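Protein chains in written order, with our numbering: chain A, -14 to 327; chain B, -14 to 327.
Bear in mind the hints are in silico, worked out from the structure with no lab data behind them.
Hints are not guaranteed to be accurate.
Heads up, the list lumps identical chains together, so a pair's fine if it works in one copy or across two of them.
Claimed, not checked - Derived BS3-like pairs (lysine-lysine); straight-line CA-CA distance at most 27 Å:
hint, residue 1, residue 2
1, K155, K74
2, K153, K170
3, K97, K287
4, K253, K(-3)
5, K325, K(-9)
6, K225, K153
7, K253, K225
8, K(-9), K153
9, K253, K(-9)
10, K93, K170
11, K287, K(-8)
12, K93, K74
13, K93, K253
14, K153, K289
15, K253, K(-8)
16, K325, K(-8)
17, K153, K(-8)
18, K(-3), K155
19, K253, K287
Remember, predicted model here, so these are calculated numbers, not experimental data.
2 protein chains.
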Amino acid sequence: MTETMKKIVLAKRPEGMPTEENFRLEEAPLPELQEGEVLVAVRYMSLDPYMRGRMDDAESYASPVPLGGTMEAGTVGEVIESRSDRFAKGDMAFGMFGWATHGVLPAKQLRKIDPDAAPISTSLGVLGMPGFTAWAGITAYGALEAGQTVVVGAATGPVGSMVGQLAKLKGCRVVGVAGGPEKCKMAVETFGFDACVDHRAHGSASEMRAALAAECPDGVDLYFENVGGPTLGGVLPLMKIGGRIIVCGMIAWYNGATDETGQIPLGKFWRRVLVKRLQIFGLLQTDHVARFGEFVREIAPKVKSGEIAYVEDVAEGLENAPEAFRALLTGGNTGKQVVKIS
Amino acid sequence: MTETMKKIVLAKRPEGMPTEENFRLEEAPLPELQEGEVLVAVRYMSLDPYMRGRMDDAESYASPVPLGGTMEAGTVGEVIESRSDRFAKGDMAFGMFGWATHGVLPAKQLRKIDPDAAPISTSLGVLGMPGFTAWAGITAYGALEAGQTVVVGAATGPVGSMVGQLAKLKGCRVVGVAGGPEKCKMAVETFGFDACVDHRAHGSASEMRAALAAECPDGVDLYFENVGGPTLGGVLPLMKIGGRIIVCGMIAWYNGATDETGQIPLGKFWRRVLVKRLQIFGLLQTDHVARFGEFVREIAPKVKSGEIAYVEDVAEGLENAPEAFRALLTGGNTGKQVVKIS
């Protein structure tokens, strides 16, 4: 058995889009196990937009990664040594081992994964945090009824594709927003969206508005916000009275919240909130985590049966994680981005 | 009995703050009564910030006043002729007669007012639309619990003063925002707020933030938005996780939503919504009007007993309504602004 592990640490805080110099690949000895702990060899590591926020030293819902610290990530892997009776060698486990080939955590911080229920990588996507985020947001704040119209940003991403499929199951008209004709095709053909608007073909808020208006003739009841920027500006005027906006992410603004792209004056936005009596909900999946079991019981059978589809984009090798992460932030990937570690 | 009436019409749409030239006083014959209608001599007319929106030809929750049309207003007056069995001569009635000395409406569009329950002018304020707005917002979206902190803009206005008093009844700490030391004193001494911050002494968002932070050491659970501008910018960073914002008005921005005062980039605001998991509710009282009877049954006895205080600012004579309205938009009045017509 190998005695060393590899990990990627935060070398320097980025300004705007991260570059290679913000990351550093390091080798380290395998950590020692304490009583109650488990050593895992990571098989798959998740890449998610929230990680960009962790690289900044700014107020957020979680602490930033310290300089020199291992980049955060959800991972799934095989238990190769256990000092807990909750896990045996060979078990599959989900845990926050970060951008690393191996890791040690207390058994109580791990979740056992059934490899027969679905491929283990799904515990990072459709049956993991992104799928749960979508489910929690729709369940807690969506208030969806058959016949309503839902607009979803980042439609082929693991959150957006689940939002769209859940809304279709509720009998809604679902219109996605995605970057490029291939993703738009996938939203419709793979995930069953009624339509999908290519934001790359409509770079301003007014163009997005016109394109979305054509697909949402009755207006928009729910906008599930993953992107920000001109998409938000385009959707806002289409919101119906009493419409809801679930704010889950804003990838267009992650590399600088003062970026002018798609900005409108807050006073103009505030007026829309009032005039349309909008309801807006900031969504963080950790607030809802007590319902994770309910989510898995409801959705895992639908994944197994194929009723809910998922798409994964698999990068190979820890050393390629930074490049895959950069691609994720610019929409260069398709579907749930994971990195195959071993 | 007089055969003519006076009214004030919209002479010209304003740009920014309305001036005298936007209004025109006209004389007209008293309208003829049809079957089922009632003629009322207006005693008191209400002035409210929403009327500024009606002067613009822009999308809102109601149609604009047409050029040459009578300015809208809620009014209360005495029935001087009735062709309905629902009203007798001498009854007091509330109706939307506008900026006018007299008016005719179908009886079913009027609400009978009991002059023994409270002075009839209260049907325009504490027991009317503004008081109901506050009550509906707190009841539907406030989710208040004892010990929480509430910030209320326009604290001595008829909406803000009711919000503050309702929150105090729930056991909350209530911090008002008002313009000038006199109003701040009134918020505390007359309406029982725990503290009140003078926005005229803190003209920027960062100054407002510091002043509010000193009065809200535990952060803010609910912000009841009546003002916008730097007050909003100052409150936002103080919002607690899961905090609520009820958007009822934004008087600082009524004379031009593109005004730069207090604007922050939408991306920065959106980030706060996400990080703090804020919930934001656009409030329009008409959505809740089915509960108006419940409101009166609950609040009228508290007004009669003095448990809920109110303050009125009474202008004299229809011809002085434009000047009083301009004062209202700049905070030059104190308490609920009404105009005594006859």
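Check each numbered hint against the structure and report the violated ones by number, ascending.
-> The structure conflicts with hints 1, 8, 9, 10, 11, 13, 15, 17, 18, 19, although it agrees with all the remaining ones.
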